[in-house]
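Q: Okay, here's what each chain looks like letter by letter:
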Amino acid sequence: MLIFERSRKNRRNPVQAPHAEPAAPGIPQRFRRRSRPLLPEVSELQVVRHYTRLSQQNYAIDTHFYPLGSCTMKYNPRGCNALASLPGFLSRHPLAPEESHGQGVLACLFELQEMLKVVTGMQGVSLTPMAGAQGEFAGMAMIRAYHDSRGDRERDEVLVPDAAHGTNPATAIMCGYKVREIPTDADGDVDIEALRQAVGPRTAGIMLTNPSTLGVFERRIHLIAEIVHEAGGLLYYDGANLNAILGKVRPGDMGFDVMHLNLHKTFATPHGGGGPGAGPVGVGERLLPFLPIPVVGRHEDGKYRWLTEKDLPRSIGRLSAHMGNTGILLRAYVYMRMLGAEGMERIAEFATLNANYLMKRLSESGFEMAYPRRRASHEFILTLKREAKETGANAMDFAKRLLDYGYHAPTTYFPLLVPECFLIEPTETEDKATLDGFVEAMRCIRREAENEPEKLQRAPHTLPVKRLDDVRAARKLDAVWKG
Amino acid sequence: MSNIPEELHYSRSHEWIRRNEDGTVTVGITDHAQDLLGDMVYVELPEPGQRLAAGDECMVVESVKAASDVYSPLSGEVVAVNDQLADTPELVNQDPYGEGWLFTLQPAEEGEPEELMGAESYRKLIESES
Amino acid sequence: MPFVPHTEEEIREMLEVIGVQRIEALFSEIPPELRAPSMEGMLPKALNEMEIGRLMRERAAQDGQPLCFVGAGAYEHHVPAAVWEIATRGEFYTAYTPYQAEASQGTLQLLYEYQTMMASLTGMEISNASLYDGASALAEAVLMAVRANRRSKSKRVLIPATVHPVYRKVVRTIVTHQGIEVVEVPYCTACGNVVPDSLAQYSEGDYAALVVPQPNFFGVLEEVDRLTDWAHTNGTLVIGLINPITAAILAPPGEWGETGADIACGEGQPLGIPLSSGGPYFGFLCCRESLVRQMPGRIVGRTVDLDGKAGFTLTLQAREQHIRRSKATSNICTNQGLMTTAATLYLSLLGPEGLERVASACHDNTRRLLEKVVAIEGVEPLFDGEFFHEVVLRVDLPVNRLLERLAGHQLLAGHSLAEDYPELGDAFLLCCTETKTEADLERFATLLRETMSEMRSS
Chain Y
4 MLIFERSRKN
14 RRNPVQAPHA
24 EPAAPGIPQR
34 FRRRSRPLLP
44 EVSELQVVRH
54 YTRLSQQNYA
64 IDTHFYPLGS
74 CTMKYNPRGC
84 NALASLPGFL
94 SRHPLAPEES
104 HGQGVLACLF
114 ELQEMLKVVT
124 GMQGVSLTPM
134 AGAQGEFAGM
144 AMIRAYHDSR
154 GDRERDEVLV
164 PDAAHGTNPA
174 TAIMCGYKVR
184 EIPTDADGDV
194 DIEALRQAVG
204 PRTAGIMLTN
214 PSTLGVFERR
224 IHLIAEIVHE
234 AGGLLYYDGA
244 NLNAILGKVR
254 PGDMGFDVMH
264 LNLHKTFATP
274 HGGGGPGAGP
284 VGVGERLLPF
294 LPIPVVGRHE
304 DGKYRWLTEK
314 DLPRSIGRLS
324 AHMGNTGILL
334 RAYVYMRMLG
344 AEGMERIAEF
354 ATLNANYLMK
364 RLSESGFEMA
374 YPRRRASHEF
384 ILTLKREAKE
394 TGANAMDFAK
404 RLLDYGYHAP
414 TTYFPLLVPE
424 CFLIEPTETE
434 DKATLDGFVE
444 AMRCIRREAE
454 NEPEKLQRAP
464 HTLPVKRLDD
474 VRAARKLDAV
484 WKG
Chain U
17 MSNIPEELHY
27 SRSHEWIRRN
37 EDGTVTVGIT
47 DHAQDLLGDM
57 VYVELPEPGQ
67 RLAAGDECMV
77 VESVKAASDV
87 YSPLSGEVVA
97 VNDQLADTPE
107 LVNQDPYGEG
117 WLFTLQPAEE
127 GEPEELMGAE
137 SYRKLIESES
Chain S
235 MPFVPHTEEE
245 IREMLEVIGV
255 QRIEALFSEI
265 PPELRAPSME
275 GMLPKALNEM
285 EIGRLMRERA
295 AQDGQPLCFV
305 GAGAYEHHVP
315 AAVWEIATRG
325 EFYTAYTPYQ
335 AEASQGTLQL
345 LYEYQTMMAS
355 LTGMEISNAS
365 LYDGASALAE
375 AVLMAVRANR
385 RSKSKRVLIP
395 ATVHPVYRKV
405 VRTIVTHQGI
415 EVVEVPYCTA
425 CGNVVPDSLA
435 QYSEGDYAAL
445 VVPQPNFFGV
455 LEEVDRLTDW
465 AHTNGTLVIG
475 LINPITAAIL
485 APPGEWGETG
495 ADIACGEGQP
505 LGIPLSSGGP
515 YFGFLCCRES
525 LVRQMPGRIV
535 GRTVDLDGKA
545 GFTLTLQARE
555 QHIRRSKATS
565 NICTNQGLMT
575 TAATLYLSLL
585 GPEGLERVAS
595 ACHDNTRRLL
605 EKVVAIEGVE
615 PLFDGEFFHE
625 VVLRVDLPVN
635 RLLERLAGHQ
645 LLAGHSLAED
655 YPELGDAFLL
665 CCTETKTEAD
675 LERFATLLRE
685 TMSEMRSS
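Protein chains in written order, with this note's numbering: chain Y, 4 to 486; chain U, 17 to 146; chain S, 235 to 692.
Derived from the structure by calculation, the hints contain no laboratory data.
Among the clues, some could well be false.
[As the list claims (entries may be wrong)] DEER-style ranges, computed between Cβ atoms:
#, chain 1, residue 1, chain 2, residue 2, range
1, S, Met284, Y, Asp151, 44 to 52 angstroms
2, U, Gly71, Y, Glu371, 36 to 44 angstroms
3, Y, Glu229, U, Glu23, 51 to 59 angstroms
4, S, Gly439, U, Ala96, 29 to 37 angstroms
5, Y, Lys388, S, Val251, 21 to 29 angstroms
[What the hints assert, rightly or not] Computed list of lysine to any residue pairs in SDA-like fashion (alpha-carbon distance at most 20 angstroms, straight line):
#, chain 1, residue 1, chain 2, residue 2
6, Y, Lys435, S, Gln255
7, Y, Lys485, S, Ala544
8, Y, Lys435, Y, Arg446
9, Y, Lys469, S, Asp541
10, Y, Lys479, S, Val526
11, Y, Lys120, S, Met276
12, Y, Lys251, S, Phe237
13, S, Lys543, Y, Leu5
14, S, Lys389, S, Glu438
15, S, Lys279, Y, Glu345
16, U, Lys81, S, Val526
17, Y, Lys388, U, Gly54
18, Y, Lys251, S, Met276
19, Y, Lys363, S, Val251
Where a beta carbon is used, it is the ideal one built from N, C-alpha and C, also for glycine.
Produce the complete structure using the sequences and hints provided.
A: Next up, the structure:
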C-alpha cells in the first residue's frame with residue numbers, strides 16, 4: 004500500500020506545522036499555484052508505521068551479509084553517525100563565518116585531508132566531490148587542465164581497460180575525451196602490448212582500478228606507469244577497490260598522478276540505499292594547482308579557512324553549491340580516528356583474508372573461479388557457466404535464491420568479461436561463521452539447481468514480492484503514482 | 017538456429033537490408049541480433065529527412081540490460097521510420113524482418129556497397145562469432 | 235583492532251584452509267618495491283569511541299549556536315523528530331543501491347513515493363530518484379536540455395545573473411568540456427529580476443535552454459509566465475530552478491506560461507535536511523515524460539511480479555553508465571538515497587496544508603522583519619520586486635565589517651553580496667524562515683540598530 008492510499012482529505016498533523024495561516028496574502032495572485040500538490044494527509048503514527056514497515060522490506064548490512072563485489076559493504080559504525088550528528092555540526096550554516104563559527108568543523112576536515120594524504124601517498128587532497136563519480140570527473144578535469152596549461156591540446160584520448168567500471172568511460176566523455184579500450188589478458192592483467200600500441204601523442208591519460216574489477220592486483224603497474232608517462236599521459240586511480248590495499252600499497256607510490264576515494268566504501272560511511280557518498284580526490288605534485296575548490300587551508304596562526312578561487316586561481320572550479328557532503332566527511336573522520344595507524348594497516352589484511360578464505364572454500368566445494376591461478380584481493384570472481392549449462396539455472400537465478408537463504412546476492416554479471424559471474428566481496432568486518440554459512444548456502448543452492456532448477460528460476464520465494472517483471476517496468480513506465 | 021531470409025542483404029553489425037521496388041531500402045536488425053539483445057523496451061529512431069553515411073550510428077535499440085547502436089548500412093536519406101515501435105518495441109523481437117522493421121532509406125548512389133553480405137555469408141559470420 | 239571480529243584461533247584456521255602460514259603471504263603478488271611504509275607516527279593513534287566522542291563534542295561546541303538569518307541556498311527549517319529517527323534505521327541507512335529489487339522493496343517503494351511527491355510539487359510528469367545537490371542538478375538539467383532539444387541543436391544556454399552565483403560556477407565546471415556555452419542574462423538593478431522584454435535581444439540567437447529561477451537568488455519573484463512563453467516561442471527549452479518549500483504557494487514550473495516548463499530542478503535541502511555545513515543535501519530533477527530518456531540518474535518504476543502483484547524496481551537503466559558506458563546520459567551512479575528518504579518522511583509528516591503553512595510563515599516572518607529593519611537609519615531594501623523569504627538590504631556602512639561584528643554578537647544577519655554583485659554596493663541577503671520568533675526578529679533589529687550606530691560613532 005502506498006502512503007497516498009492511507010491519505011484522507013483534511014487529516015492534519017498540526018504539531019509539525021507553524022501556527023501561521025496558510026494563505027500568505029502578500030503574494031500576488033499571478034505568482035500562485037493553481038493546483039494543490041499531491042502530498043499525503045496522514046497522521047504521524049501512520050507515517051512512522053508505514054516507513055518502519057517499508058524499512059523492514061530491505062536487506063542491509065545491519066541485517067544481512069551483503070557480499071556485493073566492488074561495493075565494499077562493511078559495517079558502518081553507529082558511533083560515526085552519532086558523532087557526526089551532534090547538534091553543533093547539524094545546525095551550522097555553510098556560509099557561517101569560518102573564523103568565528105567554523106573552526107571546529109574545519110579542524111576535522113583539515114585533519115581528514117591530511118590523513119587521506121598519508122594513506123594514499125598523494126600530495127594534496129580536496130574533499131569537495133560528492134560521490135565517486137564526481138571525484139572521477141574532478142580527476143579527469145584536472146588532467147585536462149594540466150595538459151591545457153602546457154598548451155598540449157592534441158591529447159584527446161583516454162585509455163580505459165575493458166574491465167573498468169562503467170563510470171570510467173562515462174566520465175571521460177563528460178570531460179570531452181574519446182575513450183579507447185585496452186584489452187585484458189587471460190590472467191586478468193592489462194595487455195601490455197596492446198597498451199604500447201595504444202599510447203601516443205593523443206593520450207591524455209589512463210584510468211585504472213588496482214586491484215582491478217577482476218579482483219586481482221595489476222602486477223605490472225610500474226611498467227604501465229612508465230609507458231603512459233613516457234607518452235606524456237597521466238595516470239588516474241579509481242579508488243573503488245582501495246579497501247584491498249589500504250595500508251599495504253599507496254596509489255601515489257604506484258605512480259598514479261590523481262585518484263578519488265569512495266568514503267562510502269573504504270571508510271565505512273553508509274550507503275543509505277544509494278547515497279550520499281563522498282568522493283575526495285588526491286593529486287600528486289603536478290596537479291596541485293588544479294584541485295577543485297574549496298579546500299581547507301591552515302594559516303600560520305593555526306586558524307583554518309577555506310581556500311577558494313583567490314587562493315587557487317587555476318582550480319578546475321566548484322562542484323557543489325557549498326563544500327561537498329560534510330556530514331559524510333565527518334563520519335569518515337571519526338572512523339579513521341577510531342582505527343588509527345595500526346587499524347588502518349589491518350583493513351586490507353583482513354579484507355584479503357576473508358576473501359581468500361571464502362574463495363578457497365567455494366573452490367573446494369566445486370565452484371569454478373574465473374582466475375584460479377591468482378590470489379584474491381579483497382574480492383574474487385566465481386563463474387556459474389557450468390552450472391548454467393548443466394542445470395539451466397543461471398547466475399541471476401542463483402542470486403535470487405541466495406536472497407531466500409538470507410544473504411544479499413553478490414554483484415552479478417559484472418565484470419562483463421566473465422560469463423555468468425558473481426563478484427564476491429566479504430569485507431573485513433564479517434566473521435568466519437558468516438562466511439561458512441554462505442558457503443553452505445551456495446552448496447545447498449547448487450544441489451537444488453541439479454534437482455529442481457525451477458525452484459531457482461522462480462526465486463525468490465520468501466520475500467515481499469516474487470521475481471519482478473523488468474521488461475514491463477521499462478516498456479510501460481510508471482514512475483509516478485496517478486491515483 | 018536463427019532465421020536468415022535468403023532474399024535479404026546483411027551487414028557485419030547485424031542489420032538487414034531489403035531493396036524495395038521504388039528504389040528505397042528498408043533496414044532492420046536480424047533475428048540473431050534481437051535474440052542476443054533480449055526483450056526490447058525502447059527504440060530511438062532516426063528522424064525522417066536525416067542524411068546518413070554508410071556506417072553512421074543512426075539509432076539505438078534498448079533492452080532491459082543492453083543498449084545497442086544501429087549503424088546505417090548505406091548512405092542516403094531517411095524517408096520513413098517505423099512509428100509503431102514507439103509503443104510496441106517488442107515487434108523487433110516478434111517479427112524482426114516484418115513488422116519490426118526500423119527505417120527506410122533513399123540510397124544516395126546506385127550500386128551495391130561491397131561490405132554487404134548475402135544470407136550464406138551472414139550465416140557463416142554468426143557461426144564464427146558464437 | 236576496531237571492527238574486525240577475528241580471534242587468533244579463527245585466523246589460524248582460515249590460513250590453514252587457504253594453505254599459507256601468515257596473512258602477509260596473501261600479498262605475495264604485490265611487487266615488494268611497491269609496499270607502503272608503516273603509518274605508525276604518520277597517523278594519530280587509535281581512539282576508542284569515548285575518546286573520539288569527547289573530541290567531537292568539543293569541536294561541535296566550538297562552532298557555537300548563533301541565531302541564523304542566512305539563506306542563500308541553504309535554509310534552516312524545523313525538522314520533525316520522526317524524520318531522522320526513521321531515516322537512520324539500519325535497514326535504510328546501511329542498504330546499498332537497490333539492485334536486487336526483491337530484497338529492496340522498502341527503499342524502492344519509498345523512492346516511488348518520493349518521485350510522485352516531487353513530480354506533483356513541481357507540476358511535472360516525471361521525477362528521478364535524486365542527484366547530488368541543487369547546483370549539480372542544475373548542471374545536469376542543462377546537459378539534459380542540450381541533449382533533448384532536437385529542434386535547436388544549439389549548445390548555448392541562457393542563465394540569468396539572478397541564479398545563485400555558485401550554481402553558475404558549478405554549471406560552468408561541469409558543462410564546459412562538452413562544448414556548451416553559458417550566456418548570462420542581465421537583471422534589472424531596480425526590481426532585482428529579469429525584465430521579460432529584455433529577452434528580445436536573444437530572439438535572433440539559437441539557444442537550447444533558458445534557466446528560470448523562482449524565487450531567484452535575491453529572493454525576488456521572476457515573471458515566470460512571460461519568460462517561459464518567450465522561450466517556447468523561440469524554440470528554447472525552459473529549466474525551472476525552484477525552492478521546493480515555496481512551491482507550496484508559488485506556481486510550480488509545470489504551470490508556468492502557456493505550456494509549462496520542460497525541466498524542473500533545485501535544492502532539496504529545505505525538505506527535512508539539516509544545514510550540516512553544506513551537505514549532504516540532495517538535488518531533485520523532474521521533467522516532461524517525453525524527455526525521460528535524456529534524464530540522468532536512477533528512476534524507480536512500478537511493475538508486477540510473477541504472481542501479478544505490484545512491486546518496484548529500478549528502470550530505464552539503459553540510460554545509465556553501468557550499461558551505456560561511454561554513451562550514458564551522465565556518469566552519476568550513487569545519488570542521495572538517504573536524503574530523499576528524509577524528504578519523503580518530511581513531506582508525509584507535513585502534508586499539503588502543513589507545507590503551505592511553513593511557506594506562509596517564512597513569507598510572513600520575512601515581511602515583518604523587513605518592516606522592522608527598514609525603520610533603521612541607513613538600511614534600505616534594494617529591490618522593489620515581490621519577494622518570498624529572502625530580501626536584499628543595502629546599508630550605508632561597509633557591509634562585511636558590519637556582518638562580522640554582528641557575528642560577534644552571535645547573530646548571522648545574512649550573506650554579503652560584495653563579492654558576487656559588487657555593482658550593488660554594501661548589500662546583503664537575509665532570509666527568515668518559520669523557525670524565527672517575534673523575539674528573534676526583535677533581537678535582529680535591535681542588534682542591527684545598535685551595531686550600526688556603534689560603527690558610526692567609532
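Q: Output the indices of the hints that this structure fails to meet, ascending.
A: Those not satisfied: there are none.
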